[in-house]
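From just these sequences and the hints, can you work out the full model?
Quick mapping for you: the protein sequence lines, in order, are chains X and Y.
Counting from 1, position 289 in the first sequence corresponds to residue 289 in my numbering; the numbering is continuous, with no gaps.
One rule links them: number in my numbering = place in the second sequence (from 1) + 491.
Keep in mind the hints are simulated off the structure, nothing from the lab.
Mixed in with the good hints there might be a few duds.
Taking beta-carbon pairs under 8 Å as the criterion, some of the chain X residues facing chain Y (in silico) [stated by the list, open to error]:
#, residue
1, Cys87
2, Asn102
3, Phe103
Just so we're clear, the structure is a prediction, and the values are computed from it rather than from any experiment.
Positions of the beta carbon are idealized from the N, C-alpha and C atoms, including for glycine.
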Amino acid sequence: MSEDAGALHVLTLTELVRGLREGRFSARELTETLLGRIGALNELLNAFITITEDQAYAEAEAADRARASGNAPLLNGVPIVHKDLFCTRGVLTTCGSRMLGNFVSPYDATVVERLKKAGAVTLAKTNMDEFAMGSSNETSWFGPVTNPWNHDRSPGGSSGGSAAAVAARLVPAATGTDTGGSIRQPAALTGTVGLKPTYGRVSRYGMVAFASSLDQAGVITRSAEDAATLLGVIAGFDERDSTSVDQPVPDYVAELARPLKGVKIGIVRQHFDEGLDSQCAARIREALDVMESEGARLVEIDLPTLALSVPTYYVVAPAECSSNMSRFDGVRFGHRADNPTDLLDLFCRSRGEGFGAEVKRRIMTGTYVLSAGYYDAYYLKAQKVRQLIVKDFRNAFRDVDVIAGPTAPTPAFALGEKTDDPITMYLNDIYTIGANLAGTPAISVPCGFAQNLPVGLHLVGPHFAEDRLLNVAHQYQMLTDWHRACPEGYE
Amino acid sequence: MSARDPAWEPVIGLEIHMQIATVSKIFSGAPTAYGAEPNTQASLIDLGYPGVLPVLNAEVVRMACKFGLAVNAVIAPHSVFARKNYFYPDLPKGYQISQYELPIVSGGELRILDEEGRERIIGITRAHLEEDAGKSLHAGFDKFTRIDLNRAGTPLLEIVSDPDLRSAKEAVAYMRKIHTLVRYLGISDGNMQEGSFRCDANVSIRPRGQQKLGTRTELKNLNSFRFVEKAINYEIERQKEVLEDGGSVVQETRLYDSDLDETRPMRSKEEANDYRYFPDPDLLPVVIDEQFIRSVRETLSELPDAKRERLVAQYGLRQVDAEILTMSRPLADYFEATASESDPRLAANWILGDLSAALNREGLDIDDCRMTPAALAGLLVRIADNSISGKIAKDVFEAMWAGEGSAADIIEARGLRQITDSLAIEAAVDAVIAAHPAQAAEFRAGKDKLLGFLVGQVMKDTKGKANPAEVNRVLKERLKS
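As structure tokens, then:
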């Protein structure tokens, strides 16, 4: 029999991998413990849309058998949850939308497939903003997720369910997707680690598209080390995604040990201009001081296009969204209106009923910016600005190894606070959107508290420098304990 | 409207939609085979399922390049797939992946013969890759429409001509030429019944001598050469009537109804579409380098125009025969195989004559021809060496066609060998002159017509086996004195 099964939830993914390998507890026990916690604690959080209990036990038992027979893969028996945007074979895949409220995917996304192959056990599908459009998890058809640090607060979004589940120690790790900050911002708001890899590093196959040129799959964990382990599993070329890049996957875990000494960290002047909560700013400066004291060199840099990133994003992303959402027409899958009178009625009512307000807003914005007569002024112009932003980052990375700053302008905001003001909501992603537009990797790591709520430190690196980002984040976590802080009631 | 109208000049451009003959679809691995049960050849990608992504079929690019090189066009080093957005039940993703601003092929040309047999050069504006949509089936399901997505994602090459065509006949000649070319290249089966080769026509007319183009209409649903000709002619006449009555042509899309032989406007709602094209972020630009183009060029076999000229030069064929023989590569191959063992001009005559007639009679293609080129050559050799006459050869041909054996076997079995022995012919001629003294005398007196009668008698007596030329010669010689 195992060690104290009741305490398994506090272990990080890395610790669980070790424990399972050494046989200190079984995958079945671990699964049972976490499903028990989910059953007890999820109601208030609303972090999940589907709990895949039967499948989880079957997978856990298979993992235990694999271990017994001596051929256990890397993540054998490690529990994980998937954002409900990843297609999971035979399991409801809703994207947080009424539109796909009845959609059971006939196939696994590449990310899901790779994690399964590595032995991971899927416990649940996580709640999210509808089709990943939102920064607060309030656009979900299945209701908002609450922040385990304060249940009146938003966990951020769109991967809010994933972040809340990891923060609340219901699971050690979750997958997420990040189009404008949807992994990093909820990670910051819940005190977890959120990694968005380089565009093309992880396959988008089976990840329901929001804005195809910006979407990237990633992970939410409690430590950079855990993120490194998972990235090693999910990264790599996939012939089913033409935009995935055929480049070798480094051993991210092996790279973690490099010292901070000599690392050049860029501090963006514009990050501290205005709009940044003063306590958040203080936490960021403290984090930078910690790294400087370990020998990292802080270099002030400019990102003159920072202010352009939100408006650029809100042309490009809705444009692609408007087209990506077209396949949801009530004809082949998903929500279909009852008793349509004709074809147009079928289309209009199925979509009208199936989509929520934020998705509709973006479809309309996107349709507008692509329309004849407006295309040049909006879409084409935005693409040009996007090139400037790419250039800005490229220039910056000539002088520094990583760029550090805040992940979000404020700690977790109250549920309902921004729902009537889309622009304010959009501005929550001001620090994260640049990495999506430029396609660069970025990570958010916990760096303290403001108003008793977690604050995230944002690190951005050049393309395919996930190893460096994870290394810097890990070294920082070796010096700090912020990532070990646990919300009250979830210890 | 085959006669040239003195007042109006038609201006026509064609958009040909050609199915590319790949085994699998343009963005998925699903098969493209025709005629399967509905919705059995559509993968999740073709169905536009959530989360799936398109992956370009490399063979499609290679075949498009082949076409581009064959029409002397520019192959774009960088071409881009775009999304054409519109809602339709048989368009699963709500957009069609097509090429818009940057097509893979542009600026080519094609030579055709106009109605007077003069060579004309028709510009090819562009050829771009796109995916086909599915099919909506409206008949037989009560009030419902059913969707068959087998065709969704089938690779198409849309070949757009310049507005260089000046009559319906020219348009057909151009379309036929493209049809021949793509089958030569092996990039399409050109099957029009199955919709692998169909076209839209842009038609306008203008007063002769005027440079400015008239307002055009776009004719859709033209799926045979005959309909292309009829629809364009109908449309030219219709536009003429409109203009001559003082009206003006409305720029619109019109559907050709082959049952009524007329064109009529499609619902205007369909034209109000704003397709909101933008580059497809799921696909990388298609990058083609010189080396790739070279490798494709190396696979290009001899093209119809070059082959026609070679047949004329190498075998001394008439242009018109060479043109027909090179309309299909198997036919030209058949000819060359036959000509390698017999007289080329005789081979051309027989292939375009009796052999084609026999094939037509049974609705066969040259590919299905039971008679091998060697067998036909075996017959032609017997004609050339005077073993049999051309007339008897036709009987032998039919016997061969019926499977009775080789030319040699049939000639032998039926005793058809021609009498070329001059002594035997002289004897036969003498016998006829003796049997018909009156006719012989009249011929001597100048009634030349009677020679035919006398030749006929000799042929009859020899059961057609005497060499007719020899009989003529001997008769004239005998009756001269």
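Results of checking the hints against the structure:
1. The beta carbon of Cys87/X is positioned within 8 Å of a beta carbon in chain Y (closest approach about 5 Å), and the interface hint is therefore held.
2. Given hint, Asn102/X at the interface with chain Y, is violated; its Cβ is 12 Å from that chain's nearest Cβ, farther than 8 Å.
3. Proximity of Phe103/X to chain Y holds as hinted, the smallest CB-CB distance being about 7 Å (cut-off 8 Å).
The structure does not agree with numbered hint 2 stated previously, though it agrees with all others.
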